[in-house]
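*Asks:* Sequence:
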Amino acid sequence: MVSTSNDGIMSEYLVKYGLAKTSERERPTDLLETLYISERFQAGDDLKTVRENYDHGVWNGVPSSEVDRRLAALDVFMIELARNRATMWGIN
Numbered sequence: 294m295v296s297t298s299n300d301g302i303m304s305e306y307l308v309k310y311g312l313a314k315t316s317e318r319e320r321p322t323d324l325l326e327t328l329y330i331s332e333r334f335q336a337g338d339d340l341k342t343v344r345e346n347y348d349h350g351v352w353n354g355v356p357s358s359e360v361d362r363r364l365a366a367l368d369v370f371m372i373e374l375a376r377n378r379a380t381m382w383g384i385n
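Under our numbering, the residues of the sequence shown are numbered 294 to 385, in order.
These are calculated hints, taken from the structure and not from any lab test. It is possible that some hints are incorrect.
Capping the alpha-carbon separation at 16 Å, the derived lysine to aspartate or glutamate pairs in EDC-like fashion look like this [as the list claims (entries may be wrong)]:
#1 309 <-> 319
#2 341 <-> 368
#3 314 <-> 361
#4 314 <-> 368
Can you make the complete structure from the sequences, with help from the hints?
*Replies:* What follows is the structure, given as structure tokens:
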């Protein structure tokens, strides 16, 4: 089932992020998509529209140092999101 609420979509991306981080295979495209979606979520954008219109071309011209910095921020955000979701879902 595909979520259509921003919270539901972020839950899907939280799972996708966890899989990408724990996979033995590198998944840079998944990480970059998750980074983009999470930044749009934090900006308050409608994620259904953002997800439908996502194009990996948004990363063209972004310096690797900037991507690295933003991926580090994504780690912090996703850890906090996971904690919040675990509390919300009653998982401890």
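*Asks:* Could you run down the list of hints and mark each one as holding or not?
*Replies:* Against the structure, the hints come out as follows:
Note on residue 309 and residue 319: the hinted pairing holds, with a Cα-Cα distance of about 13 Å set against a maximum of 16 Å. Of the pairs offered as hints, the one joining residue 341 and residue 368 is violated, with about 22 Å between alpha carbons and a cut-off of 16 Å exceeded. Taken as a hint, the residue 314 and residue 361 pair is honoured in the structure, with Cα atoms around 14 Å apart against an allowance of 16 Å. A C-alpha spacing of about 10 Å is found between residue 314 and residue 368, which places the hinted pair at or below 16 Å, so the restraint holds.
Going through the hint list in order, the structure does not satisfy hint 2, though it satisfies all others.
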